[in-house]
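Spelled out from the first residue to the last, the chains are:
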Amino acid sequence: MRGVIGLLLTAILVGLVGLPAELVAQSVARSGNLIIATRASAEPASMDAHVDPYAITWLMNSWVADPLVLLTADGEYKPMLATGWSISPNGNIWTLRLRRGVTFQDGTPLTAGAVKFNIDRVMNPETRSALMANYLGVRNFQKTEVVNESTVKIHYSAPVPTVLWGLSILPIWSPAAVQKFGRDFHQNLAGTGAFRMTEWRKGSHIRFQRVPTYTGAPPAQEHTGPAYLNSITVRFVGEEGVLGEVLRSGEVNMVMELPAQALTLYRNNPNFQIVPGYQPGAGMQFVMNAERPPLDDVRVRRALRHAYDQDRMNQTLYDGNYVAVKGPLTKYTRCYWKGAEEAYRYDPERSKVLLDEAGWRVNPRTSIREKDGRPLSLGLVTLHHKEIAEYLATQFRAIGVDLRIEVVPGPVQLQRAQAGQFDLMYQRLRSFEPDDLFSMWYSQNNHPGGWAWSRFQNGTLDQTLLRTQQTADPKERCRLFTEAQRLITEFALQLPTLDNPIYYAMHRSVKGFKLGAFGAWFFVKDMYIER
Amino acid sequence: MLRFIAQRLSALAPVVLLVSAVVFGIMHVLPGDPVQLMLAGAEAGSVTPERMTELRRVLGLDRPVYVQYARFLRNALRGDLGRSIRFESQVSTIVGEAAGYTIQLGVAGMVVALAVGLPLGILAALAENSWLDTACMFVSLLGVSMPLFWLGHLLIMGVAIRLQWLPAISGDQPIGIVLPAVTLGFVSAGLISRLTRASLIEVLRDDFVRTARAKGQDERVVILRHALKNALIPVLTVVGLQFGGLLSGAVVTETVFSRPGLGTLIVKGILWHDYPLIQGAVLLMAVSYVLVNLLVDVAYAWLDPRIHYA
Chain Z
1 MRGVIGLLLT AILVGLVGLP AELVAQSVAR SGNLIIATRA SAEPASMDAH VDPYAITWLM
61 NSWVADPLVL LTADGEYKPM LATGWSISPN GNIWTLRLRR GVTFQDGTPL TAGAVKFNID
121 RVMNPETRSA LMANYLGVRN FQKTEVVNES TVKIHYSAPV PTVLWGLSIL PIWSPAAVQK
181 FGRDFHQNLA GTGAFRMTEW RKGSHIRFQR VPTYTGAPPA QEHTGPAYLN SITVRFVGEE
241 GVLGEVLRSG EVNMVMELPA QALTLYRNNP NFQIVPGYQP GAGMQFVMNA ERPPLDDVRV
301 RRALRHAYDQ DRMNQTLYDG NYVAVKGPLT KYTRCYWKGA EEAYRYDPER SKVLLDEAGW
361 RVNPRTSIRE KDGRPLSLGL VTLHHKEIAE YLATQFRAIG VDLRIEVVPG PVQLQRAQAG
421 QFDLMYQRLR SFEPDDLFSM WYSQNNHPGG WAWSRFQNGT LDQTLLRTQQ TADPKERCRL
481 FTEAQRLITE FALQLPTLDN PIYYAMHRSV KGFKLGAFGA WFFVKDMYIE R
Chain W
1001 MLRFIAQRLS ALAPVVLLVS AVVFGIMHVL PGDPVQLMLA GAEAGSVTPE RMTELRRVLG
1061 LDRPVYVQYA RFLRNALRGD LGRSIRFESQ VSTIVGEAAG YTIQLGVAGM VVALAVGLPL
1121 GILAALAENS WLDTACMFVS LLGVSMPLFW LGHLLIMGVA IRLQWLPAIS GDQPIGIVLP
1181 AVTLGFVSAG LISRLTRASL IEVLRDDFVR TARAKGQDER VVILRHALKN ALIPVLTVVG
1241 LQFGGLLSGA VVTETVFSRP GLGTLIVKGI LWHDYPLIQG AVLLMAVSYV LVNLLVDVAY
1301 AWLDPRIHYA
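Heads up: the sequence lines are chains Z and W, in that order.
In this text, residue positions in the first sequence follow my numbering: the first is 1, and each later residue adds one.
In this text, residue positions in the second sequence follow my numbering: the first is 1001, and each later residue adds one.
To be clear, the hints were calculated from the coordinates, so they are not data collected in a lab.
Treat the numbers as computed from the prediction; the structure is a model and nothing was measured.
We put the CB at the ideal spot given by N, CA and C, even for glycine.
Any given hint might turn out to be false.
Said to hold, decoys possible - Per the computed footprint, the stretches of chain Z lying under chain W, defined by three or more beta-carbons under 8 Å from a beta-carbon of chain W, are: (1) 40-47; (2) 112-124; (3) 235-242; (4) 447-457.
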């Protein structure tokens, strides 16, 4: 009743000042407080995406700070704080034109100087920006130049193909706020976005409040003006079991990364809705150590590829709720090569023939293959999802291969990967662009901090991957990435398995949810809680 | 007494020094490099060796271990525990915030443990070998043998999800402390009740209790003023030790109930090889442990005037 009276009074007041009453009624009705629960391990260490390399930080930053470039749900780059951009003919200079009249949440204006400050900050080693600096091309970066109040140029020594991707997740912060708060800025964010971060209780939650003066417009949102939601609270939940239940208990109205085993609680229940967010990138794969026996023999590697079936694995382990990955990239990644799906059909007989050809004979006493008195025993190292490894072990045993499984923590995994102390190593990289392939398979990226763990060296593959980093032409890049996927598959350098989509579960009262171009991203400005 | 307290407090320094040296040593022996871990979180993009070297220099991790330790000690003496490698904030601030939550939980858990454990133990002792004794000891056995995480899940499923009486996500809300405190306290209550029962049964057979009864004193006075006060001395020792146990039990409870605190913070610190953070958190825990045990020793003298400290 109170709400109705409030609505009527607002309508009368608005009528008096001449604004359309239905517009105001809509803005009153479309509001609410969104409470999102997600896993505790997703809580960022730093809330500044210039520093922190996680997708959830980029996502929450996008609520506080608009980027220069918008990555739409369709995967297209559109103007946001930059009204347009151009690239010099040699691909080395990017010119960005900025929107005028935009102010940061601390009241200072958005200028070309502010953009230069942000880009230079990311490139400065003192900022410790590992990932964002890479996306923005730190290796080839020369300088940022302020042309005038609303134009800025980024100079590189060579083309950087991931600039737009980087600019689409780069929050543009208020230089004044960064300077004021110094190293504590990540707890006092000030951007140009639709929400302001008002509270961060570490280990508990982060809260955002709507900025009523925000002047948003399509295509970044469907309506014009401030976001509908009054507030967003992200709560961090320590236990998967609890995360699966809290939506039912009404403590939150949305769960991000709902565990797959909890899907049955909400599916076919009209009070809830579930949206899967499929992930681009590499999927959960086991990289083969191609440097040491027995996986230095391509016949053994190919035999393993024929020995299991990802679709059956998905059905057996996760009731089909995961996604089968059959090549170096998931099918939701740009420049995905479909040929990978047919390259290694499930064919255990073929596996046996290949192993026979490689000289590995079955010892009838142990049922494990041997060569020169040594059993065909492989060590698999993983971080989690042990059941996938166990499934593989069962399948491999059928072709006479013994698989020893080790579950280790992250630091041990990194140490083992870099020392080459493994046969099969779990590895999953995710990003919207297919440049993960360069990170994982370009042989010179086998160094501390690098991701080329297979230790495989091939001139053609290296050249193909290197060229992906030297051209900004999307078509040419796709051609090269497709070729790289074909080569990685042909050399059988990894065991692709599955990938888990990010499941978003919401109460039916949550409206306006829209997924981004990749599974870990969604747009909040059109969201509201229906009363 | 004051001299005793001063002596104990002066022993704090070597304890803290030893603990910090051991933790520092262990962290540097464990596999993994914090810089690599910081970048490993990147989930994409290779990082050049030059950038790693630069980052290592910025963090001071390129110096020999003893230099890093000496620098840590020097700064710690000035009250500066350094900045967390991972969390980009002052360690003292992060640890202080988390400690507040853990102490709240530890105290609330101890209140539950005493509120449940003492009456159960007293009841069982007074009704020795009766059905009431068996019932009380069955409850205490449940407490002793039930894993923390399991009890926590049961309470979440029953009280929070089905009945919806209390929140499943504890967070930092005042009401959110109830379920974690009950979980943590119930386990300690089991031990306290068993010890109280055994100790009280023994004391009730002492001559001074018989004398008090012979003097015609009210039974309540005999039990509460004479017997219980004497029976509590061994219980108090366990309460002191249990408080340390509550701090470690908080790791599980904080995780199950999604509650901030020192436990979850230390786990994150270890996983990320965040040396300054672990050092700060462990130092605080060591100091708390020593202080709680000092309090217990002081309480002995209050409970039993025959105990004197030279």
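Right, here's what the structure says about each hint:
1. As drawn, the stretch 40-47 of chain Z meets chain W at 3 residues by the rule of a beta-carbon pair under 8 Å; at three or more, the given contact holds.
2. Counting residues of the stretch 112-124 of chain Z whose beta carbon lies closer than 8 Å to any beta carbon of chain W gives 0, which falls below the threshold of three, so the coverage claim is violated.
3. Note: the stretch 235-242 of chain Z has 7 residues with beta-carbon separation from chain W under 8 Å; the three-residue rule is met and the coverage holds.
4. Three residues within the 8 Å Cβ limit are the bar, and the stretch 447-457 of chain Z against chain W gives 6, so the coverage statement holds.
Hint 2 from the list above is the single one not met by this structure.
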